[in-house]
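Asks: Sequence:
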Amino acid sequence: MKKILLLSLIALLSTSCYTAYQVIPKNYQYSESISFTIDKIEEGKSVATGNGSYHASRGNKFVFVFLTFKNNLDEKQELNFDNFLLLNPKTKTKHKAEWSMVTGPFNVWGKIDSYIRKGDEKSRKLVFIFPDEDKANLLMVKDEIIEIEYAK
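So for the sequence shown, my numbering puts the first residue at 1; every next one is plus one.
For the record, the hints were derived by calculation from the structure and aren't laboratory data. Where a beta carbon is used, it is the ideal one built from N, C-alpha and C, also for glycine. Any given hint might turn out to be false.
[Claimed, not checked] Here are the simulated distance ranges between beta carbons:
| # | residue 1 | residue 2 | range |
| --- | --- | --- | --- |
| 1 | Asp134 | Glu75 | 38 to 46 Å |
| 2 | Asp120 | Pro25 | 18 to 26 Å |
| 3 | Ser53 | Gly119 | 32 to 40 Å |
[Stated by the list, open to error] Derived lysine-lysine pairs resembling DSS-like cross-links, with alpha carbons at most 30 Å apart:
| # | residue 1 | residue 2 |
| --- | --- | --- |
| 4 | Lys135 | Lys45 |
| 5 | Lys90 | Lys142 |
| 6 | Lys90 | Lys135 |
| 7 | Lys111 | Lys92 |
Work the whole structure out from these sequences, hints included.
Replies: What follows is the structure in structure tokens.
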């Protein structure tokens with residue numbers, strides 16, 4: 001019982017330091033046979049792990065982009081999260097995904113180069129390092145620029 005309370009407290013503390021933004025859900029194409037939606041965006045200064053935590057460097061923050069992918073074919077498809085870049089039009093900088101994480105109550109690392117099974121859905125949280133004073137508004141996926149539309 002004490003372990004469950006301790007884990008619950010750690011999970012609550014690790015997620016309470018984030019600012020969450022709801023986005024307007026839309027379908028986008030990763031490829032001809034894989035579609036995805038941006039579920040939400042979160043910002044924070046640290047990422048908790050089982051062995052401690054990572055902290056953003058001075059003047060930066062972590063931006064977490066929650067995505068759900070859907071494979072529309074009856075065969076396994078490749079996914080590469082290196083194809084996702086967060087753009088900063090102010091500085092004309094492209095920020096690559098530092099990590100891919102499996103979504104859930106605890107941070108579990110995923111692979112940057114992954115796959116999606118036939119007819120399956122897969123949710124991932126991509127972690128980017130982004131300047132503190134700027135808001136993530138543009139996502140580039142395989143040379144296509146997507147404007148992130150936030151809900152009011």
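Asks: Please go over all the hints and tell whether each is borne out by the structure.
Replies: Cross-check of the supplied hints:
1. Asp134 - Glu75: 38 to 46 Å: Holds, at about 40 Å.
2. Asp120 - Pro25: 18 to 26 Å: holds (19 Å)
3. Ser53 - Gly119: 32 to 40 Å: Cβ of Ser53 to Cβ of Gly119: about 37 Å, so the range 32 to 40 Å holds.
4. Lys135 - Lys45: holds (14 Å)
5. Lys90 - Lys142: holds (21 Å)
6. Lys90 - Lys135: The given pair, whose Cα atoms are some 10 Å apart, holds under the 30 Å limit.
7. Lys111 - Lys92: holds (27 Å)
The structure is consistent with each of the numbered hints, conforming to all of them.
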